[in-house]
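Chains as they are written, first to last, in the working numbering: chain V, 1 to 114; chain C, 1 to 113.
Any given hint could be a false lead.
What the hints assert, rightly or not - Derived, one-sided and incomplete: chain C residues facing chain V with beta-carbon distance under 8 Å:
| id | residue |
| --- | --- |
| 1 | ARG42 |
| 2 | GLY43 |
| 3 | TYR50 |
| 4 | PHE103 |
| 5 | GLY104 |
| 6 | ASP105 |
The set of hints was computed from the structure by calculation and includes no laboratory data. Backbone N, C-alpha and C define an ideal beta-carbon position, used for all residues, glycine too.
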Amino acid sequence: EAAVTQSPRSKVAVTGGKVTLSCHQTNNHDYMYWYRQDTGHGLRLIHYSYVADSTEKGDIPDGYKASRPSQENFSLILELASLSQTAVYFCASSDRGTSQNTLYFGAGTRLSVL
Amino acid sequence: TQTVSQSDAHVTVFEGDSVELRCNYSYGGSIYLSWYIQHHGRGLQFLLKYYSGNPVVQGVNGFEAEFSKSDSSFHLRKASVHWSDSAVYFCAVSANNNNRIFFGDGTQLVVKP
Numbered sequence: 001e002a003a004v005t006q007s008p009r010s011k012v013a014v015t016g017g018k019v020t021l022s023c024h025q026t027n028n029h030d031y032m033y034w035y036r037q038d039t040g041h042g043l044r045l046i047h048y049s050y051v052a053d054s055t056e057k058g059d060i061p062d063g064y065k066a067s068r069p070s071q072e073n074f075s076l077i078l079e080l081a082s083l084s085q086t087a088v089y090f091c092a093s094s095d096r097g098t099s100q101n102t103l104y105f106g107a108g109t110r111l112s113v114l
Numbered sequence: 001t002q003t004v005s006q007s008d009a010h011v012t013v014f015e016g017d018s019v020e021l022r023c024n025y026s027y028g029g030s031i032y033l034s035w036y037i038q039h040h041g042r043g044l045q046f047l048l049k050y051y052s053g054n055p056v057v058q059g060v061n062g063f064e065a066e067f068s069k070s071d072s073s074f075h076l077r078k079a080s081v082h083w084s085d086s087a088v089y090f091c092a093v094s095a096n097n098n099n100r101i102f103f104g105d106g107t108q109l110v111v112k113p
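Same shape as in the complex, but just chain V (with noise of 0.2 Å):
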């Protein structure tokens, strides 16, 4: 079955601090996305990644750095958190581009930003 780790699963930063989520699948799918969930709403596409050593903005990149180094690992950096980043962070794989194909979520990182 399609697995998708994250880690860690929860994580408490500093205004000011760097923080990396870390995220694995093991689908063998191209396609790697960063979402961002805030209380009460959907999801926001922050970065996403189709090849290894290659990442594309979302629709809200600010503040986020991602990385690709393999087709299994995905990362999303936040250089300088703010309180404004406290969120639920979900990475998800898909075998192509959305369009077309099923989304796989890990079970998400929750973050808080005092």
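We have chain V already, so just place chain C on it with the hints.
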């Protein structure tokens, strides 16, 4: 840009009732429409999707959705809900020519015993 609207933030029904969760979208071109379910504290899981053909699509656990181009809708239905169906349901839309998927704000479904 595609947009998705889920008009009901919360829906409460009793076990065995039927339910319809509403989804309306705006986009003029060819699109993919999907529904996802999110149980508390977990990631989203795919339920079903539509692109073309029969406007009624079947998903897992007895869910189905019907596409209507005239109403710009893709409502999710289930004939008889179970308590385990309690979750948040997200409608999503993506255009045929890009990799962006847009999610609605979700509908919290509560199934009472």
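So, going through the hints one by one against the coordinates:
1. ARG42: holds, 6 Å
2. GLY43: holds, 3 Å
3. TYR50: Because about 12 Å separates TYR50/C from the closest Cβ in chain V, which is outside the 8 Å limit, the hint is violated.
4. PHE103: holds, 4 Å
5. GLY104: holds, 5 Å
6. ASP105: holds, 5 Å
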